[in-house]
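Numbering-wise (this note's numbering), the sequence shown opens with residue 1 and increments by one.
Keep in mind that a hint or two might mislead.
Claimed, not checked - Using C-beta positions, here's what the derived DEER-type ranges look like:
#1 Ile-37 - Pro-9: 17 to 23 angstroms
#2 Ala-23 - Glu-61: 46 to 52 angstroms
#3 Phe-49 - Gly-19: 32 to 38 angstroms
If you're looking for bench data, these hints aren't it; they were derived computationally from the structure. All C-beta atoms, glycine included, are put in the ideal place defined by N, C-alpha and C.
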Amino acid sequence: MSSAELTPPEAARWAARTGLPLAADRHAAVAATANHIHAVVAVLRELDFGDTPPAPAYRAEQGTHDAAV
Numbered sequence: 001m002s003s004a005e006l007t008p009p010e011a012a013r014w015a016a017r018t019g020l021p022l023a024a025d026r027h028a029a030v031a032a033t034a035n036h037i038h039a040v041v042a043v044l045r046e047l048d049f050g051d052t053p054p055a056p057a058y059r060a061e062q063g064t065h066d067a068a069v
């Protein structure tokens, strides 16, 4: 998918291509949802995680408990 927003007819076409035909009243909602997801993923791709270790490197039991209750 390009950076242009997905239109309702395109959403219907892509859904049909994957074997998930949509009712006509769902085309706009699916296109809006796909565009929102695309926007969120685009923001996540811009984040610089730098030296952040991958999730398997984190050990919850090693954390310090210094919060006041």
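Taking the hints in turn, this is what the structure says about them:
no. : hint                                : in the structure
1   : Ile-37 - Pro-9: 17 to 23 angstroms  : holds, 18 angstroms
2   : Ala-23 - Glu-61: 46 to 52 angstroms : holds, 49 angstroms
3   : Phe-49 - Gly-19: 32 to 38 angstroms : holds, 35 angstroms
In terms of the numbered hints stated before, the structure departs from none.
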